[in-house]
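So that you can map any letter, position 74 of the sequence shown is 73 in numbering that gives the first Met the number 0, and since no number is skipped, the others follow by simple counting.
It should be emphasised that the hints constitute simulated quantities derived from the structure, not laboratory data. None of these values were measured; they are calculated from a predicted model. Cβ coordinates follow ideal geometry from the N, Cα and C atoms, glycine included. Incorrect hints may have been included.
Under the rule of at most 25 Å between Cα atoms (straight-line distance), these lysine to aspartate or glutamate pairs were calculated in the DMTMM-like manner [said to hold, decoys possible]:
1) Lys218 with Asp261
2) Lys43 with Glu78
3) Lys83 with Asp136
4) Lys43 with Glu212
5) Lys218 with Glu51
6) Lys218 with Glu46
7) Lys241 with Glu212
8) Lys218 with Glu201
9) Lys218 with Glu186
10) Lys43 with Asp222
11) Lys218 with Glu192
12) Lys83 with Glu11
13) Lys43 with Asp147
14) Lys241 with Asp222
15) Lys218 with Glu236
16) Lys218 with Glu263
17) Lys218 with Asp247
18) Lys218 with Asp169
19) Lys241 with Asp230
20) Lys43 with Glu27
21) Lys43 with Glu25
22) Lys218 with Glu25
23) Lys241 with Glu251
24) Lys43 with Asp85
25) Lys218 with Asp171
26) Lys83 with Glu73
27) Lys241 with Glu100
28) Lys83 with Glu46
Beta-carbon label-pair distances, calculated as ranges [unchecked claim]:
29) Gly228 with Pro29: 17 to 27 Å
30) Arg3 with Arg96: 31 to 41 Å
31) Arg99 with Gly26: 21 to 31 Å
32) Ser244 with Glu78: 56 to 66 Å
33) Val204 with Pro6: 21 to 31 Å
34) Asp174 with Lys241: 37 to 47 Å
35) Gly26 with Asp250: 17 to 27 Å
36) Arg237 with Leu79: 46 to 56 Å
37) Leu221 with Pro61: 30 to 40 Å
38) Gly16 with Thr217: 22 to 32 Å
39) Gly16 with Gln77: 43 to 53 Å
40) Phe168 with Glu236: 33 to 43 Å
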Amino acid sequence: MTERPHPLVRVERVADGNVIRIAMEEGEAPLNVFRPAKVEAMAKTVESVAGEAGCLVLYGDPVFSAGADLQAIEQAPQELRSAKIDAIAAASNRLIRAVREFPAPVIAAVTGVAAGGALGFALASDLIHVHEDAVFDTAYARIGLTPDNATPFFLVRTVGPYRARELLFDPDPIDAAQAVDLGIANERYEGSEAEFLAAVTERAVDYASGPTEAYARTKRLLDTAFEGGLDRHLERERSAIKRMSESDTFDEGLAAFFAERDPEWS
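Sequences and hints are given; from them, build the entire structure.
The structure is reproduced here in structure tokens:
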């Protein structure tokens, strides 16, 4: 089943609707660059399907995205450029929050290029799977901008502050193998891009059949791991595991464990 909340945003429901794929389409813009309306539509779509699926896959067709439409910004009068950039940032921030708050795993399936703000979209996801030809590019320093879309936030937590500075100060493209080695991506796939998307979808189906509520609470614990020190984190863990211990999800997991069978997650 396919839906179109925006001319350049495609929603695909697979695995009986338990996996939702959202694609940002290239249209007439090269390398799938984006303007605020397209990103806003992506954000609204992610928000609207929260709770409807056990896993979400974000990807770009035919490439993930080269980031904001710099040509549109360059063509604007100079006094309007900051407003245009701010509008893109506002829409992008909404998308990033929607991805982080999505109550199930989110997988970014990266083909082609993920550059600038689009790299931030990928990093906001819970897992990043890359096609063998994929390239990550921080890009900002080349055009004299500071990074946005939470790119420094996620890079520091992924590769550490010193490597993050190197990646942002000296924005050389990062190929798929390097991305996996750096810990920016989880897995690299060979083969055609269609085979890649099918393989990522299979992984999404696996996650969608898992304990979704536990995944959602685990996401929140991971997101707050750097806040407030160890004592505060221990209290969050204690609160989360207490709530989960009262859930139907835990009841089924415990019963399946002692019955030596696979759990049947609802």
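Structure-based check of each hint:
no. : hint                           : in the structure
1   : Lys218 with Asp261             : 23 Å, holds
2   : Lys43 with Glu78               : 29 Å, violated
3   : Lys83 with Asp136              : 22 Å, holds
4   : Lys43 with Glu212              : 22 Å, holds
5   : Lys218 with Glu51              : 17 Å, holds
6   : Lys218 with Glu46              : 16 Å, holds
7   : Lys241 with Glu212             : 13 Å, holds
8   : Lys218 with Glu201             : 21 Å, holds
9   : Lys218 with Glu186             : 19 Å, holds
10  : Lys43 with Asp222              : 22 Å, holds
11  : Lys218 with Glu192             : 28 Å, violated
12  : Lys83 with Glu11               : 30 Å, violated
13  : Lys43 with Asp147              : 20 Å, holds
14  : Lys241 with Asp222             : 19 Å, holds
15  : Lys218 with Glu236             : 11 Å, holds
16  : Lys218 with Glu263             : 21 Å, holds
17  : Lys218 with Asp247             : 19 Å, holds
18  : Lys218 with Asp169             : 31 Å, violated
19  : Lys241 with Asp230             : 17 Å, holds
20  : Lys43 with Glu27               : 22 Å, holds
21  : Lys43 with Glu25               : 19 Å, holds
22  : Lys218 with Glu25              : 30 Å, violated
23  : Lys241 with Glu251             : 16 Å, holds
24  : Lys43 with Asp85               : 18 Å, holds
25  : Lys218 with Asp171             : 30 Å, violated
26  : Lys83 with Glu73               : 10 Å, holds
27  : Lys241 with Glu100             : 21 Å, holds
28  : Lys83 with Glu46               : 24 Å, holds
29  : Gly228 with Pro29: 17 to 27 Å  : 46 Å, violated
30  : Arg3 with Arg96: 31 to 41 Å    : 23 Å, violated
31  : Arg99 with Gly26: 21 to 31 Å   : 27 Å, holds
32  : Ser244 with Glu78: 56 to 66 Å  : 58 Å, holds
33  : Val204 with Pro6: 21 to 31 Å   : 28 Å, holds
34  : Asp174 with Lys241: 37 to 47 Å : 44 Å, holds
35  : Gly26 with Asp250: 17 to 27 Å  : 48 Å, violated
36  : Arg237 with Leu79: 46 to 56 Å  : 51 Å, holds
37  : Leu221 with Pro61: 30 to 40 Å  : 31 Å, holds
38  : Gly16 with Thr217: 22 to 32 Å  : 23 Å, holds
39  : Gly16 with Gln77: 43 to 53 Å   : 48 Å, holds
40  : Phe168 with Glu236: 33 to 43 Å : 36 Å, holds
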